[in-house]
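There are 2 protein chains.
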Amino acid sequence: MPSRAFDQLRDSLETARGIGPVKAAVKEFAGQLGFDWFAYLSVCGPEIDTFSTYPRAWQGNYINKNYATIDPVVQEARRSERCFAWSERDLARALSPDQVRFLGEAGDHGIASGVSVPVSAGFGRTVLFTLASSNQCDNCLVECPFLAASIASHVDVYARRWMLEPITAVTVKLSPRERLCLSWMAKGKRMSEIAQIVGTKVRTVEYHLQNARRKLDATNVTHAVALAVRQQLI
Amino acid sequence: MPSRAFDQLRDSLETARGIGPVKAAVKEFAGQLGFDWFAYLSVCGPEIDTFSTYPRAWQGNYINKNYATIDPVVQEARRSERCFAWSERDLARALSPDQVRFLGEAGDHGIASGVSVPVSAGFGRTVLFTLASSNQCDNCLVECPFLAASIASHVDVYARRWMLEPITAVTVKLSPRERLCLSWMAKGKRMSEIAQIVGTKVRTVEYHLQNARRKLDATNVTHAVALAVRQQLI
DNA sequence: CGATCCCCTGTGACTTTTCACAGCTGGCGG
DNA sequence: CCGCCAGCTGTGAAAAGTCACAGGGGATCG
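Note that the protein sequences, when read in sequence, are chains A and B.
Using the working numbering, the first residue of the first sequence is number 6, and each one after it goes up by one.
Using the working numbering, the first residue of the second sequence is number 6, and each one after it goes up by one.
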């Protein structure tokens with residue numbers, strides 16, 4: 006049903022030029038699916054990369070106390086090869102005292118349930134992509150695990166691309182919105198169509214294209230698209 | 006079981022620095038899983054990118070005759086959201102004469118069965134990742150569709166990273182006039198200006214741009230310019 | 001010679017884009 | 001609190017592009 010959300014995420018990831026836009030895109034995606042937060046976790050032996058929209062305090066806790074080693078969700082992820090839903094209650098079985106404390110703290114920050122998608126990556130790396138919510142919330146991710154796996158892989162690849170290689174210095178800097186609109190224009194869509202696609206008003210699309218044109222010093226959209234393609238901005 | 010093959014593929018993809026190594030890695034992967042060939046197909050409207058290890062003759066056939074439009078495997082991929090196995094026998098039901106001929110030709114080249122993994126990408130693009138074999142061959146991909154989706158996404162992302170210039174199925178040949186008009190459009194001129202520049206009527210400029218659009222299968226001039234620039238036609 | 005094809009041009013209706021002029025909102029620093 | 005700015009939306013008119021219908025002129029070929 007909300008395949009629109011998936012499409013928009015993929016579009017945004019493709020046009021993202023930096024880890025910031027990637028996070029923004031995933032955050033938007035999580036919201037559209039009814040989740041409050043998302044979390045990305047990459048574990049490669051002792052090396053852990055992570056970013057999320059969890060409350061700051063909880064993020065700090067998680068990293069400082071090395072919670073990745075006891076997080077029952079992570080443990081479940083190691084065991085299962087596919088995505089799964091979890092909730093406070095589900096997990097509260099056969100836990101170590103540490104884990105019970107862990108769950109308590111998570112609950113204090115409002116984290117009650119979610120769905121996690123584990124995927125494997127190169128060099129023994131394990132990725133855990135999680136969407137979490139403060140209340141029980143049915144979701145469509147667990148219903149289509151292949152889609153979930155695909156999305157998680159997408160997020161991983163695009164996140165790592167920008168975590169590893171910092172943004173290359175380009176003369177002009179287009180905003181994600183501008184790139185998005187320009188990309189669709191380059192695919193022959195009309196403003197009205199793009200407005201529908203990105204879920205906004207025609208006037209706003211026009212607005213972004215106008216700004217893109219100004220930045221690129223182009224006389225019209227066709228000119229802007231040509232310049233952007235040549236400069237590999239889209 | 007052969008999770009080793011998956012790991013190796015992911016490692017190779019991550020370290021590949023060019024489309025050559027990517028293809029080599031996927032080929033190796035296919036071999037380890039007992040398949041003779043692999044095929045990657047990216048469809049975005051009329052824009053088709055593909056590469057495979059199929060016999061040269063068959064590759065040429067497939068592209069020249071635009072077989073992507075009748076390939077029953079592709080049709081099945083559009084319908085289903087998950088990976089599936091296929092074989093000559095499976096497919097030989099309710100087919101058009103074209104498709105029967107298609108299967109015949111494929112069989113002539115030894116292609117008998119395989120497994121295909123469809124995944125969606127940004128901007129309405131559909132990716133079909135296929136492993137094929139000359140004989141019936143059980144496989145582990147269909148048994149774990151999430152893993153398959155993840156792998157296909159990986160291949161897609163890394164392939165696209167190195168496929169700098171998309172190769173359109175039909176190599177369009179623009180006339181000098183068409184190139185001229187299109188080039189000026191890419192420079193932001195409007196039709197009336199171009200008419201003055203090349204010393205002709207506006208209607209004629211429109212005429213050439215119209216033909217260029219038809220050849221490139223573009224919905225409007227902006228689209229045509231984007232395609233032409235990407236294909237280095239202008 | 002007629003048939004045919006390609007290049008070019010005209011006309012009028014219609015759609016889409018461009019532009020100028022405005023206004024609303026929320027966040028942020030003073 | 002207030003001003004400022006960035007992002008977004010509205011309106012209406014002018015400019016540009018798109019489309020359908022049509023036709024002239026030159027070259028080539030059977």
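Hints were generated in silico from the structure; no laboratory data involved.
Given the structure is predicted, the values throughout are model-derived calculations rather than measurements.
Careful: at least some of the hints might be erroneous.
To be verified - Lysine-lysine pairs mimicking DSSO-like chemistry, simulated, CA-CA at most 27 Å apart:
1. B/K206 - A/K178
2. A/K220 - B/K194
3. B/K220 - A/K220
Said to hold, decoys possible - Sample of chain B residues lacking proximity to chain A, with all beta carbon distances greater than 10 Å (derived):
4. A62
5. R84
6. Q141
7. C149
8. A157
9. H159
10. M168
11. P181
12. A223
13. V234
We put the CB at the ideal spot given by N, CA and C, even for glycine.
Subject >> Cβ separation check - B/Q141 to all of chain A, threshold 10 Å >> reply: Non-interface label stands for B/Q141: nearest chain A Cβ at 24 Å, farther than 10 Å.
Original post:
Holds or violated: are the alpha carbons of B/K220 and A/K220 at most 27 Å from each other?
Top reply: violated, 31 Å
Subject >> Least C-beta distance from B/A62 to chain A larger than 10 Å >> reply: Its Cβ never comes within 10 Å of chain A, the nearest being 33 Å, so this holds.
Subject >> Interface exclusion of B/P181 relative to chain A, criterion Cβ beyond 10 Å >> reply: B/P181 is indeed farther than 10 Å from all Cβ atoms of chain A, at 19 Å.
Original post:
Would the least Cβ to Cβ distance between B/M168 and chain A come out above 10 Å?
Top reply: holds, 13 Å
Subject >> Distance restraint between A/K220 and B/K194, which requires alpha-carbon spacing of 27 Å or less >> reply: Roughly 18 Å separates the two Cα atoms, so the pair holds.
Original post:
Beyond 10 Å from chain A, beta-carbon-wise, is B/A157?
Top reply: Answer for B/A157: violated, closest chain A Cβ roughly 7 Å.
Subject >> Least C-beta distance from B/H159 to chain A larger than 10 Å >> reply: violated, 6 Å
Original post:
B/K206 and A/K178: Cα distance at most 27 Å?
Top reply: violated, 38 Å
Original post:
Would you say B/A223 is clear of chain A, with no C-beta pair closer than or equal to 10 Å?
Top reply: violated, 6 Å
Original post:
Does the claim that B/R84 lies off the interface hold, with its Cβ farther than 10 Å from every Cβ of chain A?
Top reply: Non-interface label on B/R84 holds, nearest chain A Cβ at 14 Å vs cutoff 10 Å.
**OP:** Run the C-beta distances from B/V234 to all of chain A and say if the shortest one exceeds 10 Å.
**Re:** B/V234 is in fact no farther than 10 Å from some Cβ atom of chain A, at 5 Å.
Checked against the numbered hints listed earlier, the structure breaks hints 1, 3, 7, 8, 9, 12, 13; every other hint is satisfied.
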